[in-house]
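Colleague: These protein sequences, in sequence, are chains A and B. Under this note's numbering, the residue at position 125 of the first sequence is numbered 473, and the numbers go up by one with no gaps. Under this note's numbering, the residue at position 297 of the second sequence is numbered 301, and the numbers go up by one with no gaps.
Some hints here could point you the wrong way.
Said to hold, decoys possible - Okay, the calculated beta carbon distance ranges per label pair:
| hint | chain 1 | residue 1 | chain 2 | residue 2 | range |
| --- | --- | --- | --- | --- | --- |
| 1 | B | 75 | A | 600 | 34 to 42 Å |
| 2 | B | 60 | A | 391 | 54 to 62 Å |
| 3 | B | 111 | A | 620 | 27 to 35 Å |
| 4 | A | 391 | B | 33 | 41 to 49 Å |
| 5 | B | 157 | A | 413 | 28 to 36 Å |
| 6 | A | 364 | B | 73 | 28 to 36 Å |
| 7 | A | 544 | B | 157 | 53 to 61 Å |
| 8 | B | 215 | A | 388 | 31 to 39 Å |
| 9 | A | 396 | B | 176 | 46 to 54 Å |
| 10 | B | 172 | A | 572 | 49 to 57 Å |
| 11 | B | 131 | A | 388 | 18 to 26 Å |
| 12 | B | 50 | A | 635 | 57 to 65 Å |
What the hints assert, rightly or not - Stretch-level coverage of chain A by chain B, calculated; a stretch enters the list once three of its residues show a Cβ under 8 Å from a Cβ in chain B:
| hint | region |
| --- | --- |
| 13 | 365-371 |
| 14 | 581-592 |
| 15 | 619-632 |
None of these hints come from the bench; they were simulated from the model. Every residue, glycine too, gets a C-beta built ideally from N, C-alpha and C.
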Amino acid sequence: MVDIGNANQAIERVREFEALTGTTGPVPPATATTASRSGLGVVFWVSFGWVLFMVLLAIFASVLPLKNPNFQDYSAVNIGPSIHHLLGTDDLGRDLLSRIIFGSRVSLIIGFASVGLALVAGGVLGLLAGYTGGWIDTVLNAGSLVVLAFPALLAILVIEAFWVPRSLLKLTIIFAVAGTPSLFRVIRATTLSFATREFVVAARTMGATTWRILFRELLPNVVPAAVSFALIGVAVAIILEGSLAFLGLSISLPTASLGNIVNEGVQNNNLTLNAYIALWPSLYIFILLVALNLMADRLRTRFDVRAGNL
Amino acid sequence: MSRYVSARVVQLIFIIFFISIVAFLLVHLLPGDPTLAILGPNDTAQARAELLKQLGLNRPLPVQYWTWITNVFRGNLGISFLTHQTVSNAIGVAFPIDLELIIVSQLLAFIVSIPLSLIAALRPNRLFDRIATTSTYGMLAVPTFVVAVILVLLFAVKIHIFPATGFNPLAQGLGPNLKSVLLPSISLAVGSVAIYYRLLRADMIATLQEDFITMARAKGLSTPYILIRHALRPSSFALLAGAGLSIGSLFTGAFVVEILFQLPGIGFQLIQAIDSRDYLVVQGMALVAAIAYVVINFGVDILFTFLDPRVRRG
Numbered sequence: 349m350v351d352i353g354n355a356n357q358a359i360e361r362v363r364e365f366e367a368l369t370g371t372t373g374p375v376p377p378a379t380a381t382t383a384s385r386s387g388l389g390v391v392f393w394v395s396f397g398w399v400l401f402m403v404l405l406a407i408f409a410s411v412l413p414l415k416n417p418n419f420q421d422y423s424a425v426n427i428g429p430s431i432h433h434l435l436g437t438d439d440l441g442r443d444l445l446s447r448i449i450f451g452s453r454v455s456l457i458i459g460f461a462s463v464g465l466a467l468v469a470g471g472v473l474g475l476l477a478g479y480t481g482g483w484i485d486t487v488l489n490a491g492s493l494v495v496l497a498f499p500a501l502l503a504i505l506v507i508e509a510f511w512v513p514r515s516l517l518k519l520t521i522i523f524a525v526a527g528t529p530s531l532f533r534v535i536r537a538t539t540l541s542f543a544t545r546e547f548v549v550a551a552r553t554m555g556a557t558t559w560r561i562l563f564r565e566l567l568p569n570v571v572p573a574a575v576s577f578a579l580i581g582v583a584v585a586i587i588l589e590g591s592l593a594f595l596g597l598s599i600s601l602p603t604a605s606l607g608n609i610v611n612e613g614v615q616n617n618n619l620t621l622n623a624y625i626a627l628w629p630s631l632y633i634f635i636l637l638v639a640l641n642l643m644a645d646r647l648r649t650r651f652d653v654r655a656g657n658l
Numbered sequence: 005m006s007r008y009v010s011a012r013v014v015q016l017i018f019i020i021f022f023i024s025i026v027a028f029l030l031v032h033l034l035p036g037d038p039t040l041a042i043l044g045p046n047d048t049a050q051a052r053a054e055l056l057k058q059l060g061l062n063r064p065l066p067v068q069y070w071t072w073i074t075n076v077f078r079g080n081l082g083i084s085f086l087t088h089q090t091v092s093n094a095i096g097v098a099f100p101i102d103l104e105l106i107i108v109s110q111l112l113a114f115i116v117s118i119p120l121s122l123i124a125a126l127r128p129n130r131l132f133d134r135i136a137t138t139s140t141y142g143m144l145a146v147p148t149f150v151v152a153v154i155l156v157l158l159f160a161v162k163i164h165i166f167p168a169t170g171f172n173p174l175a176q177g178l179g180p181n182l183k184s185v186l187l188p189s190i191s192l193a194v195g196s197v198a199i200y201y202r203l204l205r206a207d208m209i210a211t212l213q214e215d216f217i218t219m220a221r222a223k224g225l226s227t228p229y230i231l232i233r234h235a236l237r238p239s240s241f242a243l244l245a246g247a248g249l250s251i252g253s254l255f256t257g258a259f260v261v262e263i264l265f266q267l268p269g270i271g272f273q274l275i276q277a278i279d280s281r282d283y284l285v286v287q288g289m290a291l292v293a294a295i296a297y298v299v300i301n302f303g304v305d306i307l308f309t310f311l312d313p314r315v316r317r318g
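Same shape as in the complex, but just chain B (with noise of 0.2 Å):
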């Protein structure tokens, strides 16, 4: 086990340097003055230049990336020269909302695609399991922006339950930062149930087949308990590793949601800052959602080790 989880190590360590590079080049390498967006059209060429000598941009790019990757390492980000808000700080702000999107839109998929996948999968091409698998070819079809329009139709126009757009802070109350989280939080966790139950089913009815099920069935126990205790851990692998995925692409991918509903979170601020050509928040934004989405990759492949009982003693 521990030389499977120091090798996981060490690939990490690997491919975050590798992001940090890829973060700095995917700015700096691309046409498009920066100095073009502060100074705006009208500004003669020699205050360009200026500028463009004081961001330090006219060095090397491997200077520059070794400024930049060293400040990273103490802890600074740069200045948004939009905002002239550190970029750590507007980082600070929108993860939270990321976060809660993503944890909120996540336990509705679990919520929704655990039980029905373990139904579906206890009798397969039954009714039940037919119409939950003809329905998840439904969800993947549909796109977000679509769930999210049909939404705020039904939720926030025609009948006024949650509002259409906007973000309330937890500060303001559970209440009203709920209900400004569920909408968005429905529209990006329908296509997470229908990957979800695709991956648990396919899983739980190979493990349904295995002996120790017949064995669990021999002994009597409930077909409920069966499915909980006995088949969704050795079933849950694929189901994790979907998870963790979905998880770490959500911190850019709902970036279409963020928008539609204005949640400042990381995919909307990154799109703001991609607009106005504020490199440092883009650089910046980019690093923390790519390392975020590798880390949680690294975290999942951990549980792996703790779900297999087999691999903790070997």
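For reference, chain A alone in the conformation it holds in the complex (with noise of 0.2 Å):
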């Protein structure tokens, strides 16, 4: 399991280590383009076009005219893609596109709310402390760097498998906390970077309020790391939770997650049956975290989010 995370505490360690000692590392070249400074491009609004898709089906799939997705038809067991079953059944007869539709709601609503919680908390705390520095910083920064250092992912283990009985909002709190502290870092530092700007410092000479700067002059500038970070942050969460749900950590619920429709395609035998019931989660994870990937990689590319300025 590894974490795409990584990636950007990593940078941002470097970059630690180089103010801490008076040093600088190679300056990444200025990447964004004539071309891509006009708009958010081609790719960025197909994946973005795509998630949509998914989380509107996703919303809607109770309305929308498919099977119900627990009804074992047994004298349709294990048919490939055909009209009455776009994507085929599985062992038991299921519709495979309507369970993966219903299993496609916790994913989405532990990958989309948890990290919109995190952002919505480590926003909030990240302006302050990196707006008014002080004591607030310094303690919400100390804290945050001693919490990153325990291992997330031990942490959402034991305290999964100790708050029973596990359910969706649970996950969701024990997600969106583990995923705060990495927010919070992201956004203080943008905020560092903006704080000292003739705009702030113009409306702070005009009288505006604390707050008034925080979420009408800093809030704009900052969105755009905050939100392409974030889109990391919800692939991460899909794939940790797909991973609890196949190992069986996830909630238990009577209608699968997609890790555990990935599960049940690898038992009894069923990979050499009937692979489609593992091929279709597994592919509509893949496309999902492909489309999250190149929007975060649009927005920084588009804002010019580097790495380097954090």
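With the hints in hand, could you dock these two chains into one complex?
Modeller: Below is the structure:
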């Protein structure tokens, strides 16, 4: 299980070393060209459209003309993709398309809701720490470093196992808490780089309140970096939930999540009998994660969020 | 340099102290009665209270922590009530498995990612770079468990080259041993390759635009020589930091692969201990894994100072 967030953390670590020792490493060249400056590009919008489509499917799953994901039709066991079952059925005759759409609800809720919560918590704290500085910054920064030093995965596993019965809400909260320190650090660093700029100083001179400066002046500038890192966070959360579900360590629902379906596809020699059961949910996760990564990457290039700035 | 190192050492001591508290509290603050797991659900409340007292779990938390941590300093991590084995013994068995998995998987990751990123950085945005960069997007998007399933299907089910599950200790010979860790290691390496490639490529492109590279080219040095002897070292900081974080997190993060391939490493044993509320094992293994994580990253930070001659002189 490799954490994609590692890459950002690694870069941050190098910058910290450079700041402390007064050295500088290679500064990445500005990759933004004139073409990419003008907009987010086709790649971003295609990816965005795909993710939006997946989210809408998951939201309206119960209104769409889908078969019951748990209905077992023994007259149609292990059939391939057809008109009646677009993605085929599994070894119990359940419709795979509807199982995957209903199953994606868990992945998407955990991915987006937990990172959304982490974004709000990390965002407010990060803006405050980055702008006001002083003891608030010292305390929050030290706290985030210390929490990051403890392997998050380990904490998630232990808390998840002891805090039973597992539910979607609890899992979302655990993931949100685990993700907050990283987002806090990204937002704090970005805020720091804007806090002394002319427009902020001007706003302060004009008598703007701290809250106004935080949310009207700084927030809009912090959003691109925060969202681009948050999208990576969503990808990490979805992979992690999938892995836990695959091992039977995620929430237990009557409707399986994507990881559970992959696991069903691997059990009972299903892989050789009907590889579609494992293939479709794996493919779903794959395309979703590629789209999220591409979106994050395009945002970073467009708004020139360089790790060097952090 | 000494100022930097000593600051890091102080930080390390504080962080390890904090980690020991977290590892302790993680298990003690959460609901779930360990006596229920030991005695089973049918025992009397009195027997349970008796056991609680015997285990010292009825005392205030700071006292319990003090007892535990002083024993840890004497090398006594307690005894698993499930296997009646000492926790340090269990860690001694599990740790080498993780170590081997990490060494093999990271070696594979470096062997693949370093040449790829060197070649890609040489001509950014050209065909090779585009293909390699696009494939890393794919690699980042495949969950480890999917990679593992595909590998088992190909190499253990279709053609029987590697065993699907199980671990052969080194005592059974190097061949069988490597065979049992190769598939799990490849599964772990895929994600690392993608991250290492991206980190090294970005810094390599920046380094190759520096004046000393132009100078080296002007001297007529060959491109491979410039890449490896001149450009690699100043570009390798982010790569090393990434490697430190990956390697450190693999002590627990390898659990998916360990469960799939039935390798009894730290992650595997931790999950089992968590399942059976074997709290001393969870505490001990969490402590060891977390310390391994911070110590490796501390090592990487110190390595920076050796790689950067400016710090050594200053």
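Colleague: Each hint: holds or not?
Modeller: Okay, the hints, checked on the actual structure:
Distance hint check for residue 75 of chain B and residue 600 of chain A: the Cβ-Cβ separation is about 37 Å, which falls inside the suggested range of 34 to 42 Å. As the Cβ distance of residue 60 of chain B to residue 391 of chain A is approximately 59 Å, the hint placing it in 54 to 62 Å holds. About 32 Å separates the C-beta atoms of residue 111 of chain B and residue 620 of chain A, a value consistent with the hinted range of 27 to 35 Å. Between residue 391 of chain A and residue 33 of chain B, the C-beta spacing of about 46 Å keeps the proposed range 41 to 49 Å intact.
Look at residue 157 of chain B against residue 413 of chain A: about 34 Å separates their beta carbons, and that is inside 28 to 36 Å. Between residue 364 of chain A and residue 73 of chain B the C-beta distance comes to about 29 Å, which sits within the given range of 28 to 36 Å. Restraint check, residue 544 of chain A to residue 157 of chain B: a C-beta distance of roughly 56 Å satisfies the suggested window 53 to 61 Å. For residue 215 of chain B and residue 388 of chain A, the hinted distance range of 31 to 39 Å is satisfied, since their beta carbons lie about 35 Å from each other.
Range check, residue 396 of chain A to residue 176 of chain B: Cβ separation about 52 Å, and the 46 to 54 Å hint holds. Between residue 172 of chain B and residue 572 of chain A, the C-beta spacing of about 51 Å keeps the proposed range 49 to 57 Å intact. A hinted range of 18 to 26 Å for the beta carbons of residue 131 of chain B and residue 388 of chain A is consistent with their spacing of about 25 Å. Between residue 50 of chain B and residue 635 of chain A, the C-beta spacing of about 58 Å keeps the proposed range 57 to 65 Å intact.
Coverage of a stretch by a chain is defined here by at least three residues with a beta carbon nearer than 8 Å to that chain's beta carbons; for the region 365-371 of chain A and chain B the count is 5, and the condition holds. Counting residues of the region 581-592 of chain A whose beta carbon lies closer than 8 Å to any beta carbon of chain B gives 4, which meets the minimum of three for the stated coverage. Judged by the Cβ-Cβ criterion of 8 Å, the region 619-632 of chain A is covered by chain B as claimed, because 4 of its residues qualify and three suffice.
Hint violations for this structure: none, all hints satisfied.
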